[in-house]
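There are 2 protein chains.
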Amino acid sequence: RGLGAKDSEPKNILSGFSTSKVLSDSAREKNIFVHGKLADQEAVIILEKTPIREDTLAELLSGSTLKLELKNDIYSTYRLQAPSHLNEIKTTVVCPATEKHVKKYQRQESSLVEETGEDYQSITLPYIQKQSFSVQWVFNILEKKAEADRIVYEDPDPKVGFVLLPDFKWDQKQVDDLYLIAIVHPREIKSLRDLTSEHLPLLQNIFVKGKEAILQRYNLPASKLRVYLHYQPSYYHLHVHFTKLGYEAPGCGVERAHLLADVIQNIQSDSQYYKTRTLYFPLRADDGLLSKFKEAGRL
Amino acid sequence: RGLGAKDSEPKNILSGFSTSKVLSDSAREKNIFVHGKLADQEAVIILEKTPIREDTLAELLSGSTLKLELKNDIYSTYRLQAPSHLNEIKTTVVCPATEKHVKKYQRQESSLVEETGEDYQSITLPYIQKQSFSVQWVFNILEKKAEADRIVYEDPDPKVGFVLLPDFKWDQKQVDDLYLIAIVHPREIKSLRDLTSEHLPLLQNIFVKGKEAILQRYNLPASKLRVYLHYQPSYYHLHVHFTKLGYEAPGCGVERAHLLADVIQNIQSDSQYYKTRTLYFPLRADDGLLSKFKEAGRL
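Protein sequences, first through last, are from chains A and B. If you count by the working numbering, then the first sequence holds residues 11 to 309, one letter each, in order. If you count by the working numbering, then the second sequence holds residues 11 to 309, one letter each, in order.
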C-alpha cells in the first residue's frame, strides 16, 4: 500500500494538544473541559464518555476483559476493559477559541438574579447590544451553509418557520437523551423578553410541527417530551429546546427553563406578560451581565 | 507455561450472561442496569463508565484514534477511540439476585400529563380525595410530636405560619446540596391548585422568613437559593422546597417545579391563575392518577 496507507490513516490532531488548565469536569456526567493549545492556537476541548447502548451490550459483555476488584456475598465488582470501538468518547474541539469560550466552560458559582421589565430595558438590553455576540453560526444553519445534512425538519416560512436539528450535546445514538433545537427563521427575536401575542403563530407552529417531526423521525410521542426556552439564553436568536422527559438535560431546571406551553398560555392571557414580568435566572460569577446588575445595585 | 497460563488468563464470566431486560439506564450518567441470567442464576449487572481523569489526559489524547464527525466554523466534533485500559467501565454483579433487587433497579417511564382546570376538578381532585393519602406524619411535625429537634425555624401563626426543617434527602454535612422544606400551619391547602390571592400573605411570609432563616443558620444568601413548589406534590399538604442553586436536586426540573416568586407574581395579577391554568407534570407509568387520565381519554 505504501504512501496510500499513510494517507488513509486517520491523523490524531489532538496528540499535539498541550493542556493549560482543566476548566471543569463532572464525575457524574463523565466529562471534562480543557483549555490548552493546538498547533499554537488557543483551543478548548471537551471530552464526554458516551452512553452505554443496549444494542451493543451483548458484544460489549462478551468481547471485553474483566478484572475482579472485590467480592462480598452476592455482590462483586469488576473493571471492564472494552473494545475501543464499543466505548467511544465524544470529543468536541473549539479552535481557535476566544477568551469568551474559555470563560464559558470555566466552572463558576452562580447567583440568582431578579430582573424586572425595567431592569431588562436599562441593564440587560444595553449589555446584549453592546456585546453584539456573533450568531453567524446560526445564520450558517438557516442558510444551509453548514450542518445542512443534520436538519431533521424545516418549515421555511420566513415568519413562522424554523429549522429543527440535533443539539451538539446529543450523539443521536439513542433517544434516551434526545436533544433537539428549533431555530426560528425570523432574525429579530432575541429572547423570551421579546415575545408578544404577535409571535403566537410562530410559537404554536414550532410546538405542533416540532413534536410531529420528532414523532415521525424518532417515534417519540409528545407526552415524552420537555419543550422549553431558556432565559437567559446562551445566544440571542430565538430557539426552543426539545429534550426527552426523564433525561435531566443541563439547563432544564426551573430557574432557567420556561415550558413553551406555559409561555403560549401566558402570552395568550397577557400579550405583555414577558415584557412586564420579573424574571429570575442564574448568572455565573464571571458573567459580565452580573457585574452590570451589581453596579446598578440590583444584587 | 502450559496449564498455568490458562489459569492466569482472566476468565470473562460475563460472556455467558444472557439479558432478559434493561431495567434502567442513564444517558447522562452513562450507566445501565440489566436483569438476566448468569450460569442459570438470576443476576443484575450494573455497568457505569468511569470519570475522565486529569492525570491520564495526556496519554488519552495522544494514544487514541480520532474519527471526524462534523466541522462548522471553529467547532468540530470527533469520536475518540481510546486504549481500553484508559477507558474502563465499572461493573457490578449481583448474583444470585432476588425479585427485590430487580424491582429496586427497575425504572418507571414517565409521561407528561396536561391538566386543565376542569381536569383537576373532574379527575385529579376526586382521585386525591378517594386515596385520602395520610399526612399524619406532617401533622406530627406541626404538633412537635415528631422531628421537633430537627426544626430550623418556626413561625407558629396558624394563618401564615410554617415549620422549616431539613429534607430527609439532605445529610446536612455540607451546604452544597442544601435541601429544606417549609410546611405550612394551615391544613386545608392541598397544592398549588388551591392557591389564590387570599394566600399571598402566607406565601410572602414563607419566602421572606424562610430565606432569612437559611441566611442565619447556614450563611447562605437568597441569591444562592432555588425556592419552589412541586405540582403534583408528593403529599397534599402545602409545602415549599428550598434548595441550593447549582445543586441539581431531584424534582427541580421545569416540568415539575414552580418558582415561589413566579407563583406570587402570577396570583398577584390573577387571583384565579392556578385554578384556571392548564398545568403540565410527569406521572410515572405505575401512578394511579395516570390511569385516571387515560380512562378519561386525556392521554
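Simulated from the structure, these hints should not be mistaken for laboratory data. Check before you lean on any hint, since a few could be wrong.
Same chains, same names: a pair is fine if it fits in one copy or spans any two.
Once the Cα atoms are required to be at most 20 Å apart in a straight line, the calculated EDC-like pairs of lysine to aspartate or glutamate come out as [stated by the list, open to error]:
{"id": "1", "residue 1": "K304", "residue 2": "E58"}
{"id": "2", "residue 1": "K47", "residue 2": "E258"}
{"id": "3", "residue 1": "K183", "residue 2": "E58"}
{"id": "4", "residue 1": "K110", "residue 2": "E98"}
{"id": "5", "residue 1": "K47", "residue 2": "E69"}
{"id": "6", "residue 1": "K140", "residue 2": "D204"}
{"id": "7", "residue 1": "K183", "residue 2": "D35"}
{"id": "8", "residue 1": "K219", "residue 2": "E64"}
{"id": "9", "residue 1": "K169", "residue 2": "E258"}
{"id": "10", "residue 1": "K31", "residue 2": "D186"}
{"id": "11", "residue 1": "K140", "residue 2": "E164"}
{"id": "12", "residue 1": "K77", "residue 2": "D167"}
{"id": "13", "residue 1": "K100", "residue 2": "D65"}
{"id": "14", "residue 1": "K100", "residue 2": "E64"}
{"id": "15", "residue 1": "K81", "residue 2": "E222"}
{"id": "16", "residue 1": "K77", "residue 2": "E58"}
Verification of the supplied hints:
In this assembly of identical chains, K304 and E58 lie within 20 Å of each other by CA distance neither inside one copy nor across copies; the values are 35 Å within and 39 Å between. When the C-alpha separation of K47 and E258 is checked against a cutoff of 20 Å, the pair qualifies neither within a copy, at 32 Å, nor between copies, at 31 Å. In this assembly of identical chains, the alpha carbons of K183 and E58 lie at most 20 Å apart whether taken from the same copy (14 Å) or from different copies (17 Å). Within a single copy, K110 and E98 get their C-alpha atoms no closer than 28 Å, and across copies no closer than 33 Å, so neither meets the 20 Å cut-off.
When the C-alpha separation of K47 and E69 is checked against a cutoff of 20 Å, the pair qualifies only between copies, where the shortest distance is 16 Å, while the shortest distance within a copy is 37 Å. Taking the shortest Cα distances, K140 and D204 sit within 20 Å of each other inside one copy (17 Å), while across copies they are farther apart (45 Å). Proximity of K183 to D35 under the C-alpha cut-off of 20 Å is restricted to the inter-copy arrangement: shortest distance 14 Å between copies versus 23 Å within a copy. Proximity of K219 and E64 under a CA criterion of 20 Å is satisfied in neither setting, with 30 Å inside one chain copy and 43 Å between copies.
Taking the shortest Cα distances, K169 and E258 never come within 20 Å of each other, neither inside one copy (32 Å) nor across copies (37 Å). For the homomeric pair K31 and D186, the shortest alpha-carbon distance between copies (16 Å) is at most 20 Å, but the shortest distance inside one copy (32 Å) is not. Taking the shortest Cα distances, K140 and E164 never come within 20 Å of each other, neither inside one copy (32 Å) nor across copies (47 Å). In this homomeric assembly, K77 and D167 never come within 20 Å of each other (Cα to Cα): the closest approach is 57 Å inside a single copy and 36 Å across copies.
Taking the closest pair of Cα atoms, K100 and D65 come within 20 Å of each other both inside a single copy (18 Å) and across two copies (19 Å). In this homomeric assembly, K100 and E64 come within 20 Å of each other (Cα to Cα) both inside a single copy, at 18 Å, and across copies, at 16 Å. For the identical chains of this complex, K81 and E222 are neighbours neither inside a copy (49 Å) nor across copies (28 Å), given an alpha-carbon limit of 20 Å. For a Cα distance limit of 20 Å, the shortest separation of K77 from E58 across copies, 15 Å, qualifies, whereas the shortest one inside one copy, 24 Å, does not.
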